[in-house]
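Please arrange chain F on chain D, whose structure you already have, making use of the hints.
Chains as they are written, first to last, in UniProt numbering: chain D, 1 to 301; chain F, 1 to 442.
Because the hints were derived from the structure by calculation, they are not lab data.
Treat each hint with caution, since some may be false.
Claimed, not checked - If you want the ones that stay clear, here's a sample from chain D, every Cβ over 12 Å from chain F, calculated: (1) Asn23; (2) Gly74; (3) Ala96; (4) Lys99; (5) Gly100; (6) Asn170; (7) Asp283.
Said to hold, decoys possible - Below, computed lysine-lysine pairings styled on DSSO-like, alpha-carbon distance capped at 27 Å: (8) D:Lys206 - D:Lys298; (9) D:Lys125 - F:Lys19; (10) D:Lys132 - F:Lys18; (11) F:Lys61 - D:Lys126; (12) D:Lys84 - F:Lys221; (13) F:Lys221 - D:Lys126; (14) D:Lys84 - F:Lys3; (15) D:Lys300 - D:Lys206.
What the hints assert, rightly or not - Over 10 Å on every C-beta distance to chain D, these chain F residues come out as not near it, computed from the model: (16) Pro108; (17) Val180; (18) Ala184; (19) Ile212; (20) Ile217; (21) Ile245; (22) Thr338.
Built from N, CA and C at the ideal position, the CB exists for glycine as well.
The chain contents come next:
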Amino acid sequence: MLNVNNIVKQYATHLALDNVSLNVEQGKIFGLLGPNGAGKTSLIRIITQITAPDSGEVIFNGQRLNSSHIARIGYLPEERGLYKKMEIGEQVLYLAKLKGMRTAEATKRVRYWFEKLEMGSWWNKKVEDLSKGMQQKVQFVATVLHEPELIILDEPFSGFDPVNADIIKNEILELNKKGATFIFSTHRMESVEELCDSIALIHHSKKILDGSVSEIKEQYRNNTYWVEYDGEYPAEQAAGIFEVLHKEVLQGKTRLKVQISTGKTANQLLSALLPVVNIHRLDEVIPTMNDIFIDQVKLKD
Amino acid sequence: MNKILLIIQREYLSRVRKKSFIVMTLLTPIIVAGFYGMIIYFSIQGATSTNNRIAVVNDNKTLTEKIASTKNTTYVYVHKSLTEMKASLKDEDYDYILYLPEFSLDTPSGIQLLGTKQAGFSMNSKVVDDVENTIRIQKLKESGIAQEDLDKLKATVNIDNKKINQAGKEEDSSAGATTVIGYASGILMFTFILIYGIQVMRGVIEEKTSRIIEVMISSVKPFQLMMGKIIGIALVGLTQFVLWILLTATISTVAVQAFTGDKALQQSTVSAVQSKTGASIGKQVADNGPVAYIQKSVANLDLTKILLVFIFFFIGGYLFYSALYAAIGSAVDSETETQQFVMPIMMPLTLSYALSLSVVVNDPYGPLAFWLSIIPFTSPIAMMVRLPYGVPDWQLALSMGLLIAGFIGTVWIASRIYRVGILMYGKKTSLKEMFKWFSYKN
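Bound conformation, chain D alone (with noise of 0.2 Å):
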């Protein structure tokens, strides 16, 4: 559905993307992953027509990315902003009409939504008179009216307690059941985990990892286990099947971190230990979002 092909953009300064290219598929949640200043929020001020790339391309459903896709995009940034001023109810309708809805139609909407997420007294509010977390769903509920194909969400769980964050979190799966797609920037990996179907890294303003997560995540499995037992076994039983990265001793049981040699199965790792120990336990360590993250944002320091 959105193609970005080879985007480069320089500021005064500074390289902002060099040569970035992503592939986000109809119907799926994508992460845009990297630290601070990577460049994410500068795709995505590309992507959503903010500024526009020094050179490559951004391909929307086929066609090249033009002023007529802005109503069919849903932005939420993370420098949330609204009217502060203005009712809410009003301010909603307002950007929802900027976005090419027509009155009756956005009216009957927001009604919808601020009724769905229990904001239906808020309608006369002013956005100054709300909490943080109040205005953070105002600014949802803002980005997602239009019901755009493609909805960008910058840090979208920023300040919302868990309770709110959850409430967040349903409504974007049930969206994204609808047909929407999802980009999503954030540094919250277990958020990723959760709901990412792919995601794509950026670090030093360059892609450095892409793909979808559960692809990554077995590319990252390196054949290392947990192993617990009580006993005591010959080192030389290990040689050319394991090796042990890592010992503790805890109440006469002993934890070991080990990896599988090249060619060698977890079972042959059994079969090595059964006859000298007692296993009480074997698990592999599958690499969380955030190891890999931070793994590799390492190793290109």
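Leaving out everything else, chain F in the frame of chain D:
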């Protein structure tokens, strides 16, 4: 286009509904009416109530002519010595003592004005005038000239200005009315641009500080946003101006009607006016006085044309300048930073006002007048001053065209600066930086 209308609507309604707008719209005419009411009231009061009684102690034998009492000052010749009078001043109904010692009429000296309170500057000069006048009358009489003969020497001269047009026909000129028109339209434009131009700037800054711009710019083009804002605020300004004029007129009419019942006041107003124009010269002046002169010269003007051109330049000038204000708002982060940019904008405006009322009025066909009335920065005010003197149609068209082009061009520049400016939160801006942004490729 539809989006610009939406923006205009929001900008207009959000301002017009504000409490501060309603309060200011209602309060200003009351303040203005009250202000002028007070001026009129006190000048009438001053004309009637301050009646000074002055006891004249005359030790002078040469000045036989008596100082005549005027409306507000009564001179009473008392037959007491200065010391006696000084002692009894408190008990008697006099405000001041005027002491006239013996002096020669050519070099009067030693005259004193004494009182329980210090005589004010105007009081002092009034007495000086009265004494000088009395001496003059006596001297005239001594030379055998009567005041009436002297009045006959005075002649009022009026010159009819005629302009010969291209067809060789005479046209009555209208220098009096043109100056008035120039002043009035200049002041109107100046205040309008100042009040509402700054509102445009504030509006733009508000969008940046409340961080809503990113949402806005992902929905509309900066050009549409700027245009909508400028026009929306212009409508707010026009609404307010029209309401002010209507309300002030209503209040004044009501007030005047309430006052006209009071005959004494009416009379004193009339007499105050008469004493100003010089009642002695009489009715003859009324026909040739400045009021009649302006009335006559107004009659010579093509008022419909002037009004239409005024409306055009009034709105055009506002749009052009508020686009400049919008550009400033786009470049800075907070109002405190605007000062250095507002100066270069205010300068051409002030300059055009000052030059229009000096150079252009004196030489409405000169090259400076021509250029001032063509360049968009100065044309709104300069053209209004030049217009009543007659401006060729092509010049008028050129000036109008340039103003429109200047406005659209400035909005375009402002929206460019805006687009780049939003990407640089918290970065201080200099003129050099702005220039860089302008040439920046989006």
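**Request:** Quick one: which hint numbers does this structure break? Sort them smallest to largest.
**Result:** 2, 3, 4, 5, 11, 19 and 20
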